[in-house]
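With the sequences and hints as input, model every part of the structure.
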Amino acid sequence: MNVAVVPERGNATDQRLLLSDAIGPFLRNCQEKRINWSKIPFSNLEGSDGLLPQVVDDIPGDFRTFVNATSQMGYNALTLDDVAHLIPCDHYPETLSRKITQYRELFGKLMEIATQGQMRVFFTMDVMFFNPVLDELLGEDLGKVIAWLKAGLEDLFNDFPAISGVIMRFGETDGLDVKGDFRSRLLLKKPAQARRLLEALLPVFAKHGRLLVFRTWSVAAYKIGDLNWNEKSFHQVFDSLDSPSLIISLNYRETDFFRYLPLNNLFFVSHHKKIVEFQARREIRRFWSLSIVRWDAAVYLQQLQQTEGLVGQVFGARRAVGGNAGSSHFCVILRPG
864 MNVAVVPERG NATDQRLLLS DAIGPFLRNC QEKRINWSKI PFSNLEGSDG LLPQVVDDIP
924 GDFRTFVNAT SQMGYNALTL DDVAHLIPCD HYPETLSRKI TQYRELFGKL MEIATQGQMR
984 VFFTMDVMFF NPVLDELLGE DLGKVIAWLK AGLEDLFNDF PAISGVIMRF GETDGLDVKG
1044 DFRSRLLLKK PAQARRLLEA LLPVFAKHGR LLVFRTWSVA AYKIGDLNWN EKSFHQVFDS
1104 LDSPSLIISL NYRETDFFRY LPLNNLFFVS HHKKIVEFQA RREIRRFWSL SIVRWDAAVY
1164 LQQLQQTEGL VGQVFGARRA VGGNAGSSHF CVILRPG
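In this note's numbering, the protein residues as written are 864 to 1200.
Because the hints were derived from the structure by calculation, they are not lab data.
There is no bait here: all hints are sound.
Here are the simulated DSSO-like cross-link-like pairs (lysine-lysine), alpha carbons at most 30 angstroms apart as the crow flies: (1) Lys-1013 - Lys-972; (2) Lys-1042 - Lys-1052; (3) Lys-1053 - Lys-1007; (4) Lys-1053 - Lys-1086; (5) Lys-1052 - Lys-1013; (6) Lys-1053 - Lys-902; (7) Lys-1053 - Lys-1095; (8) Lys-1042 - Lys-1086; (9) Lys-1007 - Lys-1070; (10) Lys-1013 - Lys-1086; (11) Lys-902 - Lys-1042; (12) Lys-902 - Lys-1007; (13) Lys-1052 - Lys-1070; (14) Lys-1052 - Lys-902; (15) Lys-972 - Lys-1042; (16) Lys-1042 - Lys-896; (17) Lys-1086 - Lys-1007; (18) Lys-972 - Lys-902; (19) Lys-1013 - Lys-1053; (20) Lys-1095 - Lys-1013; (21) Lys-1070 - Lys-1053; (22) Lys-1052 - Lys-1007; (23) Lys-1042 - Lys-1013; (24) Lys-1013 - Lys-902; (25) Lys-902 - Lys-1086; (26) Lys-1042 - Lys-1007; (27) Lys-1053 - Lys-1042; (28) Lys-1070 - Lys-1013; (29) Lys-1052 - Lys-1086; (30) Lys-1070 - Lys-972; (31) Lys-1095 - Lys-1007; (32) Lys-1052 - Lys-1095; (33) Lys-902 - Lys-1070.
Quick list of simulated restraints, FRET-style, between CB atoms: (34) Ser-911 - Glu-968: 12 to 22 angstroms; (35) Gln-1165 - Glu-957: 48 to 58 angstroms; (36) Gln-1169 - Gly-1002: 43 to 53 angstroms; (37) Pro-916 - Asp-1105: 46 to 56 angstroms; (38) Tyr-1085 - Ser-906: 22 to 32 angstroms; (39) Pro-916 - Gln-1165: 48 to 58 angstroms; (40) Gln-1169 - Asp-1004: 36 to 46 angstroms.
All residues carry an ideal CB built from backbone N, CA and C; glycine is no exception.
See the structure below:
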C-alpha cells in the first residue's frame, strides 16, 4: 500500500513523513567495482584542494530528476549524508574548512531543489564522527561531545532552515572501506549515556521545530547493544522523554537477516512516535537470506494498526541515477492519538 501525502506547512514536528534515501545522485561517477552504498562516497567527490567540479556539477541536475521522480511516487521527504560535512570548526585545517564550505554550498542548492519539489530534507549523523582535530578537542568525553554538538546543531539549524531534522545512528560505525575526513566510532555504551545525549540535544531540536530520529539498531556492542529488543534498556533510555521532536526508529523484528520473525514488541511499550525499519533487499541477499517482500510488510503494517496511531507510511528506495542500483527500505511513523 503506497500512501501519498502532500507536505504540510508549519512546524516540522507536526508533519507526516514519507521518506526516501537520496544517495543515488552521488554515485554517477563512481568507477569502483565495489561501492559502499551505506553513505555518500565523499572521497570520490573530492580532490586534494576541495570538491571536484567535474564530479559535483552533475549532482544538482541528477538530484532534481530524483526529486521529481520520488515526488510523483508520493514521497515528501529525503535523507542526505551527513551532518559531519556541514558543521564547520575553527580548529579544522584550511583544506577541510574549504571542503565544508563547498559542501554547505552544494547541499544548500540541493535543499533549494528539494523545497521547490515540496520535499523535506533530513541529514544523517553518526554518534560520534571523529577526525584528528576532534580527537584532540573532544576525545571520547561525552560531556565535551554533547557541548560541541549542541553548538554545532544550533548554528546548523540557524544557517539552514530547510533542514527538517537529523537521523541519528549510535550503534554502528563506518565500514573499513569508507574513506574521507571523518570516521565514526561507537561512543554511547550504556543506556544512561544515550539518555543524557537525548536530554541535552532534544531542547535544541524543539527550539527550532526540527525532528531527531534516533535509531535503536546496533551491532549489539556494549550494554546498550540490546536497545532494539530489550524492554528494560528501552525504558532506561526513553521513559519520560516526551519531546515533540523525538522519533524512535526500530527494526521491525529483534534481529537482522531473518524473515518470519514476530513484530518487535517495543512498538507497543511506549507512546512515542516511531519508525519501523525493514531490511534492505540488496543488503540481506549478501547473507544468502530471503529478504522482506511486500506481502510480509503488509502483515506487519496490519499488526501495527494496534498501536496508538499510524500517521504515515514510507515505501522508500535508493533510486539511483546513472545506472547504479540502490537499496530498498520501508518505514512507518507512529504517534499518539
